[in-house]
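As given, the protein sequences belong to chains B and L, one line each in that order.
Using this note's numbering, the first residue of the first sequence is number 1, and each one after it goes up by one.
Using this note's numbering, the first residue of the second sequence is number 1, and each one after it goes up by one.
Hints are supplied without guarantee of correctness; some may be wrong.
One side only, chain B facing chain L, incomplete, derived with CB under 8 angstroms [to be verified]:
| no. | residue |
| --- | --- |
| 1 | 49 |
| 2 | 94 |
| 3 | 97 |
| 4 | 99 |
| 5 | 129 |
| 6 | 137 |
| 7 | 139 |
Bear in mind the hints are in silico, worked out from the structure with no lab data behind them.
Keep in mind the model is a prediction, meaning the values are calculated, not measured.
All C-beta atoms, glycine included, are put in the ideal place defined by N, C-alpha and C.
There are 2 protein chains.
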Amino acid sequence: MKKTLFFAAAMMALSASAQVVEDFKPASTNQEGKQYPMVNSQRMVRAQISAPEATSVKLDIGGVKYDMKKDANGVWTGESAPQDVGFHYYQLNIDGASVPDPGSKYYYGASRWGSGIDIPADDEEFYQVKNVPQGSINEIYYYSTVTETMRHAYVYLPAEYYAQPNKKFPVLYLQHGMGENETGWSAQGKTGIIMDNLIAAKKAVPFIIVMDNGLNARPAHPAPQPAQQGGDQGGRRRFNMGGAFQDVLIKDIIPMTEKNYRVIADPQHRAMAGLSMGGMQTHSITLANPTTFAWIGMFSGGAFNTQELENAADFKKTNKLLFMSCGEPEEARMNVTKAANDIKALGLNTHSYISPGTAHEWQTWRRSLYQFAQLLFK
Amino acid sequence: MKKTLFFAAAMMALSASAQVVEDFKPASTNQEGKQYPMVNSQRMVRAQISAPEATSVKLDIGGVKYDMKKDANGVWTGESAPQDVGFHYYQLNIDGASVPDPGSKYYYGASRWGSGIDIPADDEEFYQVKNVPQGSINEIYYYSTVTETMRHAYVYLPAEYYAQPNKKFPVLYLQHGMGENETGWSAQGKTGIIMDNLIAAKKAVPFIIVMDNGLNARPAHPAPQPAQQGGDQGGRRRFNMGGAFQDVLIKDIIPMTEKNYRVIADPQHRAMAGLSMGGMQTHSITLANPTTFAWIGMFSGGAFNTQELENAADFKKTNKLLFMSCGEPEEARMNVTKAANDIKALGLNTHSYISPGTAHEWQTWRRSLYQFAQLLFK
Chain B
1 MKKTLFFAAA
11 MMALSASAQV
21 VEDFKPASTN
31 QEGKQYPMVN
41 SQRMVRAQIS
51 APEATSVKLD
61 IGGVKYDMKK
71 DANGVWTGES
81 APQDVGFHYY
91 QLNIDGASVP
101 DPGSKYYYGA
111 SRWGSGIDIP
121 ADDEEFYQVK
131 NVPQGSINEI
141 YYYSTVTETM
151 RHAYVYLPAE
161 YYAQPNKKFP
171 VLYLQHGMGE
181 NETGWSAQGK
191 TGIIMDNLIA
201 AKKAVPFIIV
211 MDNGLNARPA
221 HPAPQPAQQG
231 GDQGGRRRFN
241 MGGAFQDVLI
251 KDIIPMTEKN
261 YRVIADPQHR
271 AMAGLSMGGM
281 QTHSITLANP
291 TTFAWIGMFS
301 GGAFNTQELE
311 NAADFKKTNK
321 LLFMSCGEPE
331 EARMNVTKAA
341 NDIKALGLNT
351 HSYISPGTAH
361 EWQTWRRSLY
371 QFAQLLFK
Chain L
1 MKKTLFFAAA
11 MMALSASAQV
21 VEDFKPASTN
31 QEGKQYPMVN
41 SQRMVRAQIS
51 APEATSVKLD
61 IGGVKYDMKK
71 DANGVWTGES
81 APQDVGFHYY
91 QLNIDGASVP
101 DPGSKYYYGA
111 SRWGSGIDIP
121 ADDEEFYQVK
131 NVPQGSINEI
141 YYYSTVTETM
151 RHAYVYLPAE
161 YYAQPNKKFP
171 VLYLQHGMGE
181 NETGWSAQGK
191 TGIIMDNLIA
201 AKKAVPFIIV
211 MDNGLNARPA
221 HPAPQPAQQG
231 GDQGGRRRFN
241 MGGAFQDVLI
251 KDIIPMTEKN
261 YRVIADPQHR
271 AMAGLSMGGM
281 QTHSITLANP
291 TTFAWIGMFS
301 GGAFNTQELE
311 NAADFKKTNK
321 LLFMSCGEPE
331 EARMNVTKAA
341 NDIKALGLNT
351 HSYISPGTAH
361 EWQTWRRSLY
371 QFAQLLFK
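Just chain B, with the same shape it has in the complex (with noise of 0.2 angstroms):
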């Protein structure tokens, strides 16, 4: 009986490490020097970090905990569940304490710095930086008329905006989801790294992509009731949803593009798209502001609907593209699909994206940008 016990624990030992391929290589994400966290080809995260002191170590990834295991020398290790491909919020628990990974590089996500892992993926070149013009990524700050501060964003210009100095560009408002912040869309959506390699290899035309904040935006005079200021019905019903961002981009983030940068300051070489909340602000600014965007993309953040375009008179006379896109599973719920479908019945240039094997993250969005841009301004 206890040899049958031994034999059965053994063998299932065995079929749980047989799982686990052994070619861990250390992650894209990781500080440099660092060989932790690491990632193997059935895209499985293993953490290391050392806390000899410690009685519990956990991987957090995925909303998943992972306990690890410490070796004799204090050195705890873990892996987690395969994850999908593309870019994962994840942190490290210590005895209690949630903590970003010493090994990995930070970005911005789930409310807090934190820890980032990239999962490699079969499609991966279309973010990898080559030897192709340059543009840049611009962090800048200005002042903010709404709230009345100095307020922090990030401009990517792309090479010809150097190589040409006299001439002016077309326009994308690019915002963040939920959580996020205006450094998750250059730094884990790989914003500028993706657009110069469409821009080399002639698939986009060279724009403007303005990356802001769509949360910290409350206004330093509120107004008493902001559902008067102004956009059509369905704009007006949305306007909670476009929320106080809604003033701070058409008041501020505009003018002081158009007057810093040379821009073709029309709505037929303006853009606004978002993921995610970013997506829901982008649906719902665009309606409150009908003949502000020509063309729009919302990347998981629902779907537009017949119902509110039918009597959408200014809107429809100047949308150019309506692009909606959202993860493989997230399809079920957002049907952007149909959607597409059915508003291109009402004359409009709709066009879906679904992405295959991701759901509601950043692989999804890098993806949907990558479609997008090759859209825009044509």
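Please build the complex by placing chain L on the supplied structure of chain B, with the hints as guidance.
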């Protein structure tokens, strides 16, 4: 006897706690919405973290580990001794694991991405964001013929670069210290903010600043005898101090900058400066390339000496400014004041600066940049 001991212990406890002034405020370097770490008017740092199952938590700052204490809820709190004003790297130690504090933003220094904290200073106004014409800190990649890789750097462009699309600008090449990287001068150094403020106050002329990585410059194909690669006697002697970075700077960074930006591309409009190791690199590279840089700054990087300059005819003919600085306690070792006085006798425009009350740390280097920038290109 027992009573006396108790009284003595109580007095000691009172005396110790009386030393801590309870006016702690969240640090300016905290993550948005995070209360801890805090700093009080005595410049003590108070850290706090929830670690219910931990048996030992320490605050590790300024080379000292301070014990923190657990409350009934498993939350640990503890204070450091008073710190110098300005920026410091720190970390937490949880049951033997050294990790970033989840309350702070993260900076690269001490050869890692980790926590940083800014202690308020009487003169902090010069590095605070103001509503003045804003330049930008631009993140770029470029191809290096020396390392045969895409390298990563930051470029400060002044507001006028955008406002005056045909104007050309001088350039400062500005280097970080050992254990730091290309992000240091813009993040903890606050280069862009210091420059925007100085230029708006008309205390500095507008110029471009290129901030690169002075450490990861190993050539793809190292030359067998690097000492033969030119430079005068002093330059050859110090070639290894400039190291592989000299080649990347001269062959890749300067040509890239002069190709991609509107630059006045002559020695009279080209400066090099650096802090600590970056100052030593500046020392050796400017000596080894005596007709390349007219304006030179060494911050906490030692000093030039008359011996190496006496026969450096090309260097002396080219030079417009030799600036040397350090923190107050460093001066006994670095002697920048004496060195500056000695070198003045050679007919060079030499300046020295001693940062009051700060050591080998970022406040010294922020102030050094502030002083140096006011002398440049005038």
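- Message: Interface hint check: residue 99 of chain B, Cβ to nearest Cβ on chain L, cutoff 8 angstroms. Holds or violated?
- Response: holds (4 angstroms)
- Go through the hint on residue 94 of chain B and say holds or violated, using the shortest Cβ distance to chain L against 8 angstroms. holds (5 angstroms)
- Query: With a cut-off of 8 angstroms, does the beta carbon of residue 129 of chain B approach a beta carbon of chain L closely enough for the hint to hold?
  - Reply: holds (5 angstroms)
- Item | Hint status (Cβ of residue 49 of chain B to nearest Cβ of chain L, threshold 8 angstroms) | holds (6 angstroms)
- Hint check: is the beta carbon of residue 137 of chain B less than 8 angstroms from a beta carbon of chain L? Since chain L brings a Cβ to about 4 angstroms from residue 137 of chain B, closer than 8 angstroms, the hint holds.
- Message: Hint validation: residue 139 of chain B versus chain L, beta carbon distance must be below 8 angstroms. Holds or violated?
- Response: Since chain L brings a Cβ to about 4 angstroms from residue 139 of chain B, closer than 8 angstroms, the hint holds.
- Message: Tell me if the interface restraint on residue 97 of chain B is satisfied: Cβ within less than 8 angstroms of some Cβ in chain L.
- Response: OK, holds: residue 97 of chain B within 8 angstroms of chain L, min 4 angstroms.
Consistency with the previously given hints is maintained throughout, with no hint failing.
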